[in-house]
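Using the hints, position chain B against chain A.
There are 2 protein chains.
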Amino acid sequence: MEKINIALVGYGNVGRGVEEALKLNVDTELVAVLTRRPEQVRKELKDVQVFHIDEKTEDIQIDVAILCGGSKEDIPVQGPKFAERFNTVDSFDTHAEIPSYFQKMDSIAKERGHVHVISAGWDPGIFSLMRVLGDAFLPQSEQYTFWGEGVSQGHSDAARKVEGVLDARAYTIPIEQAVQRVRIGETPEFAKRELHKRMVYVVAEEGADTESVRKDIATMPHYYDEYDTEVLFISKEAMLEEHSKLPHGGFVLTSGVTGEGNKQILEYRCQLESNPEFTANVLVACARAAFRLSKEGRKGAFTMLDIAPGYLSPHSAETLRKSFM
Amino acid sequence: MEKINIALVGYGNVGRGVEEALKLNVDTELVAVLTRRPEQVRKELKDVQVFHIDEKTEDIQIDVAILCGGSKEDIPVQGPKFAERFNTVDSFDTHAEIPSYFQKMDSIAKERGHVHVISAGWDPGIFSLMRVLGDAFLPQSEQYTFWGEGVSQGHSDAARKVEGVLDARAYTIPIEQAVQRVRIGETPEFAKRELHKRMVYVVAEEGADTESVRKDIATMPHYYDEYDTEVLFISKEAMLEEHSKLPHGGFVLTSGVTGEGNKQILEYRCQLESNPEFTANVLVACARAAFRLSKEGRKGAFTMLDIAPGYLSPHSAETLRKSFM
Numbered sequence: 082m083e084k085i086n087i088a089l090v091g092y093g094n095v096g097r098g099v100e101e102a103l104k105l106n107v108d109t110e111l112v113a114v115l116t117r118r119p120e121q122v123r124k125e126l127k128d129v130q131v132f133h134i135d136e137k138t139e140d141i142q143i144d145v146a147i148l149c150g151g152s153k154e155d156i157p158v159q160g161p162k163f164a165e166r167f168n169t170v171d172s173f174d175t176h177a178e179i180p181s182y183f184q185k186m187d188s189i190a191k192e193r194g195h196v197h198v199i200s201a202g203w204d205p206g207i208f209s210l211m212r213v214l215g216d217a218f219l220p221q222s223e224q225y226t227f228w229g230e231g232v233s234q235g236h237s238d239a240a241r242k243v244e245g246v247l248d249a250r251a252y253t254i255p256i257e258q259a260v261q262r263v264r265i266g267e268t269p270e271f272a273k274r275e276l277h278k279r280m281v282y283v284v285a286e287e288g289a290d291t292e293s294v295r296k297d298i299a300t301m302p303h304y305y306d307e308y309d310t311e312v313l314f315i316s317k318e319a320m321l322e323e324h325s326k327l328p329h330g331g332f333v334l335t336s337g338v339t340g341e342g343n344k345q346i347l348e349y350r351c352q353l354e355s356n357p358e359f360t361a362n363v364l365v366a367c368a369r370a371a372f373r374l375s376k377e378g379r380k381g382a383f384t385m386l387d388i389a390p391g392y393l394s395p396h397s398a399e400t401l402r403k404s405f406m
Numbered sequence: 082m083e084k085i086n087i088a089l090v091g092y093g094n095v096g097r098g099v100e101e102a103l104k105l106n107v108d109t110e111l112v113a114v115l116t117r118r119p120e121q122v123r124k125e126l127k128d129v130q131v132f133h134i135d136e137k138t139e140d141i142q143i144d145v146a147i148l149c150g151g152s153k154e155d156i157p158v159q160g161p162k163f164a165e166r167f168n169t170v171d172s173f174d175t176h177a178e179i180p181s182y183f184q185k186m187d188s189i190a191k192e193r194g195h196v197h198v199i200s201a202g203w204d205p206g207i208f209s210l211m212r213v214l215g216d217a218f219l220p221q222s223e224q225y226t227f228w229g230e231g232v233s234q235g236h237s238d239a240a241r242k243v244e245g246v247l248d249a250r251a252y253t254i255p256i257e258q259a260v261q262r263v264r265i266g267e268t269p270e271f272a273k274r275e276l277h278k279r280m281v282y283v284v285a286e287e288g289a290d291t292e293s294v295r296k297d298i299a300t301m302p303h304y305y306d307e308y309d310t311e312v313l314f315i316s317k318e319a320m321l322e323e324h325s326k327l328p329h330g331g332f333v334l335t336s337g338v339t340g341e342g343n344k345q346i347l348e349y350r351c352q353l354e355s356n357p358e359f360t361a362n363v364l365v366a367c368a369r370a371a372f373r374l375s376k377e378g379r380k381g382a383f384t385m386l387d388i389a390p391g392y393l394s395p396h397s398a399e400t401l402r403k404s405f406m
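Protein sequences, first through last, are from chains A and B. For the first sequence, position 131 matches number 212 in my numbering, and the numbering has no gaps at all. For the second sequence, position 214 matches number 295 in my numbering, and the numbering has no gaps at all.
A couple of the hints might just be wrong.
For identical chains, the list gives no copy identity; a pair is met inside one copy or between any two copies.
Claimed, not checked - Cut-off 30 Å, straight-line C-alpha distance, at most; resulting in silico cross-link-like pairs (DSS-like, lysine-lysine):
#	residue 1	residue 2
1	Lys380	Lys162
2	Lys344	Lys84
3	Lys403	Lys376
4	Lys317	Lys380
5	Lys191	Lys278
6	Lys326	Lys296
7	Lys344	Lys326
8	Lys185	Lys376
9	Lys124	Lys344
10	Lys344	Lys403
11	Lys278	Lys403
12	Lys278	Lys344
13	Lys376	Lys191
14	Lys153	Lys124
15	Lys191	Lys380
16	Lys278	Lys317
17	Lys104	Lys344
18	Lys403	Lys191
19	Lys326	Lys242
20	Lys273	Lys403
21	Lys124	Lys104
Since the hints were derived computationally from the structure, they do not count as laboratory data.
Just chain A, with the same shape it has in the complex (with noise of 0.2 Å):
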């Protein structure tokens, strides 16, 4: 079987994620990881070229590079970057900016004859394609897009910034009613804080005002003020133990109504033990598309809408109809 050859531009959580993704998928192959920091990197993967990320790679084939760095500072420099030597698959996910990102993207694609899956993984990603195909197939419906119950780390982040905090970790919840009463069809309008609920597990530096650290938390606009905000504060060693994992999942709802009345509901659910390792696997079925697309001589930024799905199946078109229609 001819092997997709993968490099890695990256090697955190996606990137690992990737590298053991690559295994369960027969046809591709990892074949080289670029990164900043090629010695640590090399300790760890012993059967890899690993390169510099500004190092030139001119000896190995490389059919897709799959940029796995952070959607803030990575990729949209490395996007651009990458795109000019590489047909590359990214997980970029600042939603706002995905129009330009696109446009950036496709003209360098057009000149420099790659194709670049751009903002692959889940959300964006599947949810989108999920939110498009509900809205195809239920005109003047409503949709709803739940997240959680998982970590979500931007959160984390932002609550770790907090003075007097150690670490944090944040979890989106989403809440039961809302979720309920979309499923059995209404079709509300919900406030941010109808929707999820936000729990922070803190471990405090020591001598902390730990009320000042919940209020601050509970407070801080745009990540926590419009949502109910519950802080709970645990030891070092139970962070350590019982949120290491970086678990989430949500729900698309579509909920619309045809003919006399009658309604219709579409659900899309992924519940996720992992968030990155099944990023990763997205991104090695974009990356499989981004072959195909690039053999059959196509050239561009496409997003998941603009893939045919059979694209990212590892089966033949003929094996598609006879076993999974």
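Quick look at chain B alone, frame taken from chain A:
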């Protein structure tokens, strides 16, 4: 706005559903109905041109014909026939025959230059999509499809043929325990009777031997013998009042493991108060895709696995990136 001109072939439950759906899709317009009984349909439909199914329609511009007949007798004949004249969409749902039907439609398409979206609907169709996505995102996972609670028209028809039965309505009901086991991440192998049970409401003929009716239904090969089946006798009036709707639905569950034993569960669920009306809406979205693919010069047979999701949406790619990602 340029409207997509739609013709219906057949005017039963699904045809009426498509007529309703087209009203909610402002980029489409119903321009013709082709039917075996034009006289009757003309009485119901005043503002649309109604033709006999074999009549010529050359005077009107038809962008896509939606075949609204059944998979047993209508579509296998009408698909190839109308493929000669139009882009088409159909809901051919005889799973085992999809590969050969695809080949037939594809070869006509290549000759005549049309686009044919086959086997659209929710299963096959959306559920096929979810099985492919689940398998692509979680390699080496287990998949489960549950149907119901809803009316199975095939099983209702089969029960109606039993001696002593005046009318029958068969419901497929997923076994809640099985659903729950999969939802918590177990991956058992189920026998058919562990996944679904059947409940059949029967209006018996006067003087019928209800015990033998019960037995004849419950032991019917293929349809009922592999399931636990409950037969309930009701009055004609109760049948009309309580069982005239055609609700349905189901779940596609994908259960996989990544990394060090992290369970990842994906679930798609639809809960439909009207199965034919929802199917109709999916057909309309696919007609939009067929129209756009055809405008781009594509030709061939397509399943929903071959269509980039954005093509199904009434919104532009820019709007989708801005508002749905």
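Cross-check of the supplied hints:
no.: 1; hint: Lys380 to Lys162; verdict: within (17 Å within a copy, 37 Å between copies)
no.: 2; hint: Lys344 to Lys84; verdict: between (46 Å within a copy, 27 Å between copies)
no.: 3; hint: Lys403 to Lys376; verdict: both (24 Å within a copy, 29 Å between copies)
no.: 4; hint: Lys317 to Lys380; verdict: neither (50 Å within a copy, 62 Å between copies)
no.: 5; hint: Lys191 to Lys278; verdict: neither (44 Å within a copy, 55 Å between copies)
no.: 6; hint: Lys326 to Lys296; verdict: within (26 Å within a copy, 54 Å between copies)
no.: 7; hint: Lys344 to Lys326; verdict: between (38 Å within a copy, 12 Å between copies)
no.: 8; hint: Lys185 to Lys376; verdict: both (22 Å within a copy, 27 Å between copies)
no.: 9; hint: Lys124 to Lys344; verdict: between (57 Å within a copy, 29 Å between copies)
no.: 10; hint: Lys344 to Lys403; verdict: between (32 Å within a copy, 28 Å between copies)
no.: 11; hint: Lys278 to Lys403; verdict: between (44 Å within a copy, 26 Å between copies)
no.: 12; hint: Lys278 to Lys344; verdict: both (28 Å within a copy, 24 Å between copies)
no.: 13; hint: Lys376 to Lys191; verdict: both (15 Å within a copy, 22 Å between copies)
no.: 14; hint: Lys153 to Lys124; verdict: within (28 Å within a copy, 62 Å between copies)
no.: 15; hint: Lys191 to Lys380; verdict: both (6 Å within a copy, 25 Å between copies)
no.: 16; hint: Lys278 to Lys317; verdict: within (24 Å within a copy, 51 Å between copies)
no.: 17; hint: Lys104 to Lys344; verdict: between (43 Å within a copy, 17 Å between copies)
no.: 18; hint: Lys403 to Lys191; verdict: between (36 Å within a copy, 21 Å between copies)
no.: 19; hint: Lys326 to Lys242; verdict: within (21 Å within a copy, 57 Å between copies)
no.: 20; hint: Lys273 to Lys403; verdict: between (45 Å within a copy, 21 Å between copies)
no.: 21; hint: Lys124 to Lys104; verdict: within (19 Å within a copy, 63 Å between copies)
Consistency with the previously given hints fails for numbers 4, 5, ordered from lowest to highest.
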